[in-house]
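What follows is the residue order along each chain.
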Amino acid sequence: MADNIIEVKNLKKYFKTPHGTVHAVDDVSFNIERGKTLGVVGESGCGKSTLGRNIIRLQDPTAGQVIYDGQDITDLSNQQMKRMRHDLQIIFQDPYSSLNPRKTVMEIISEPILFNKLMKGSSKQDVEKRVRELMDTVGLAQRLINSYPHELDGGRRQRIGIARALSLNPKFIVCDEPVSALDVSIQAQVLNLLKDLQKEMGLTYMFITHDLSVVNYFSDDILVMYLGMVVEKAPAEVLFKNPIHPYTKALLSAILVPKVNGNPDHISLRGEVTSPINPPDECRFTRRCDYICDTCKAGTPPLIEIEPNHFVACHCVKPEGITLQRTVGV
Amino acid sequence: MNETLKNNTAAAEVDTRETVLEVKDLVVQYVLKEATVEAVNDISFSLKEGEAIGLVGETGAGKTTTALAILNLVPDPPGVIQQGSISVCGNDMLNLDVKELQKIRGKDIAMIFQDPMTSLNPVLVVGEQIAESVRLHEDVTASQAFDRAIEMLELVGIPGARAHDYPHQFSGGMKQRVVIAIALACNPKILIADEPTTALDVTIQAQVLSMMNDLKEKFNTALVMITHDLGVVAKMCDKVAVMYAGRIIESGTLEDVYNTTLHPYTEGLFNSLPRINNKGSELKPIPGMMPDPTRLPKGCAFAERCKYATERCFEERPASRYVNETHTVACLRYDEPDFHIEGVED
Ligand SMILES: Nc1ncnc2c1ncn2[C@@H]1O[C@H](COP(=O)(O)OP(=O)(O)OP(=O)(O)O)[C@@H](O)[C@H]1O
Ligand SMILES: Nc1ncnc2c1ncn2[C@@H]1O[C@H](COP(=O)(O)OP(=O)(O)OP(=O)(O)O)[C@@H](O)[C@H]1O
Ligand code: SF4
Ligand code: SF4
Ligand SMILES: [Mg+2]
Ligand SMILES: [Mg+2]
Chain A
1 MADNIIEVKN LKKYFKTPHG TVHAVDDVSF NIERGKTLGV VGESGCGKST
51 LGRNIIRLQD PTAGQVIYDG QDITDLSNQQ MKRMRHDLQI IFQDPYSSLN
101 PRKTVMEIIS EPILFNKLMK GSSKQDVEKR VRELMDTVGL AQRLINSYPH
151 ELDGGRRQRI GIARALSLNP KFIVCDEPVS ALDVSIQAQV LNLLKDLQKE
201 MGLTYMFITH DLSVVNYFSD DILVMYLGMV VEKAPAEVLF KNPIHPYTKA
251 LLSAILVPKV NGNPDHISLR GEVTSPINPP DECRFTRRCD YICDTCKAGT
301 PPLIEIEPNH FVACHCVKPE GITLQRTVGV
Chain B
1001 MNETLKNNTA AAEVDTRETV LEVKDLVVQY VLKEATVEAV NDISFSLKEG
1051 EAIGLVGETG AGKTTTALAI LNLVPDPPGV IQQGSISVCG NDMLNLDVKE
1101 LQKIRGKDIA MIFQDPMTSL NPVLVVGEQI AESVRLHEDV TASQAFDRAI
1151 EMLELVGIPG ARAHDYPHQF SGGMKQRVVI AIALACNPKI LIADEPTTAL
1201 DVTIQAQVLS MMNDLKEKFN TALVMITHDL GVVAKMCDKV AVMYAGRIIE
1251 SGTLEDVYNT TLHPYTEGLF NSLPRINNKG SELKPIPGMM PDPTRLPKGC
1301 AFAERCKYAT ERCFEERPAS RYVNETHTVA CLRYDEPDFH IEGVED
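Protein chains in written order, with our numbering: chain A, 1 to 330; chain B, 1001 to 1346.
Since the hints were made in silico from the structure, they are not lab data. Keep in mind that the hints are not guaranteed to be accurate.
As the list claims (entries may be wrong) - Simulated pairs of lysine to aspartate or glutamate, DMTMM-like, Cα-Cα distance not exceeding 25 Å:
no. : chain 1 : residue 1 : chain 2 : residue 2
1   : A       : K103      : A       : E177
2   : A       : K259      : B       : E1151
3   : B       : K1284     : A       : D94
4   : A       : K259      : B       : E1345
5   : B       : K1284     : A       : D220
Small disclaimer: the values here were computed from a predicted structure and weren't measured.
Build the full structure now, drawing on both the sequences and the hints.
The structure is reproduced here in structure tokens:
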């Protein structure tokens, strides 16, 4: 049996808006194994951040369950959740706006410790010692302890965000586009840091990104989302070698590699991203899919396991066989 | 290597293409009260019609400033073009009056700005915005201009009927196409695109880039592609210039720079990238970060981060040298006959 630290069951998060109900996350189920990284990819607005926020209960799910370490945390009260908060943390994309500009590095990193009374009874010096330790852990020079975020570059700011997330000794961290705003040379520094921390502290990550080469490098398993739903999930190597869902195929073919003649023509997707407002009960990819057939409109396709650990949600993909046939643009 | 040489000679024989853009010895600074930002420090490059050059480099390397200088649009104050010349289709951009410049901008050279979403007017339908650009440069009636707008929209893959829609009614990818339609409406000889797809999803990026490629071929437009994405350059460009701290530290054909990488910084960039086909390979980040452009060191600006640096590198500024007809590198260690970098991992 896999040792799952997180189990997500039929999770839904809807937002009511004047234009209708946004199905940001719509009936999503999956597990994350302890000590592993689950990469989450998909286009802007497909629900990646909402999924991450709901799993660690920064938002309350509309329906479904989140089970952390065997315990259902979906209905925990805020008070009960406060204790869980130590274990479940998040690192945000934007190192510029996710840090309070009026606080020093010391204040920012120590805030969760003080707020959660983690070091109750300890002296100010002890807290500062802990902050300095955390700064060492993430590779921030201790002389920066009294600096303000705006005085630092993006890579250092992201390290503050990481130190802050680590301050409560978490077990599970949602990394929401943690390197997207950084230059490649700095991005590699932060990715290596996250990997080292995982090894040392046995952390489990959910790694949200739109950069497919980063997700491949970083993840054990990859979840592909489209309009609030999971369309494919597989171990990273399997997904990159043998993508099955038409959307995954298009996504992977659009990767540009930094090589001369390395980018043959990609699979071009028709149209634009469809709206997640009141989606009809059919495959959500129908309007852009090149393989659409009669069955595609017959309800939302379920996610099925077509080989061990490889899940696909497409009416034309069944364990007995794949009947995908190009019908558009032939 | 042999192949490259052969291609170069072949190109030299048949290349009768006109040079449309020439940047020479450009120096741009932002003079602030507290300090002077040395944003662009003596760069030169040229571009022929139909050619595409990728200007790559990390945040603050001076890419946007270079582009603004080409259009003579560097904000002044605090920007000062201290030195250099810029020729756009034979026009001396730095010595023309505002009226002449306005004629050239849009007509001979157009730019897609780094944050395209903000360059659209939210209260004007997109068709009008394209038509406006046409009317500014061509002697046409309002209805002719609007017809052209519809034509341009269709060219970038948006139904002409949507000319009457406002920007907020379009998705990010569509807005980006509208911006491209505006830039191309007067069929400029040169297009400068500053990170045109950075904000887009990969599938939409792929659409927008192949559309730009089609248009470029159709109109033989020369392209300056500003990006930090080496994959985008590989897809779109025939030439590359790698910028660091306001200088071009390596340049050449795509093959020169990608297949025979010479500069330690370029090598570092490639080795920082996760490889899609080689997951096991370790990322090798470049340690440290770019120096503060108000306090550039007197030697090589990369020395602090360079694993090949010697004492001399901290004292002397490397000049750019040609290693073949097309490939330049600015690194002192190539004075040593048998110096070579470890190389880019495959
Ligand atoms: N508080 C909210 N109220 C209404 N709609 C929301 C809210 N938060 C998110 N949404 C909508 O839910 C959908 C999913 O948003 P989410 O931010 O999770 O996407 P994402 O995959 O993280 O996108 P990105 O890659 O752009 O960060 C979007 O359509 C978004 O507009
Ligand atoms: N208006 C300005 N006033 C002062 N300094 C400026 C101004 N514009 C740019 N700079 C500075 O000039 C340097 C070069 O900036 P530039 O915008 O050209 O870089 P870039 O390569 O385009 O970076 P990015 O990838 O972030 O767009 C930077 O240090 C920047 O902070
Ligand atoms: S169910 Fe139909 S429309 Fe949906 S992905 Fe499969 S083939 Fe395409
Ligand atoms: S000149 Fe010296 S410091 Fe600069 S890139 Fe070459 S070896 Fe490195
Ligand atoms: Mg998000
Ligand atoms: Mg810029």
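Evaluated hints:
{"no.": "1", "hint": "A:K103 - A:E177", "verdict": "23 Å, holds"}
{"no.": "2", "hint": "A:K259 - B:E1151", "verdict": "35 Å, violated"}
{"no.": "3", "hint": "B:K1284 - A:D94", "verdict": "23 Å, holds"}
{"no.": "4", "hint": "A:K259 - B:E1345", "verdict": "12 Å, holds"}
{"no.": "5", "hint": "B:K1284 - A:D220", "verdict": "20 Å, holds"}
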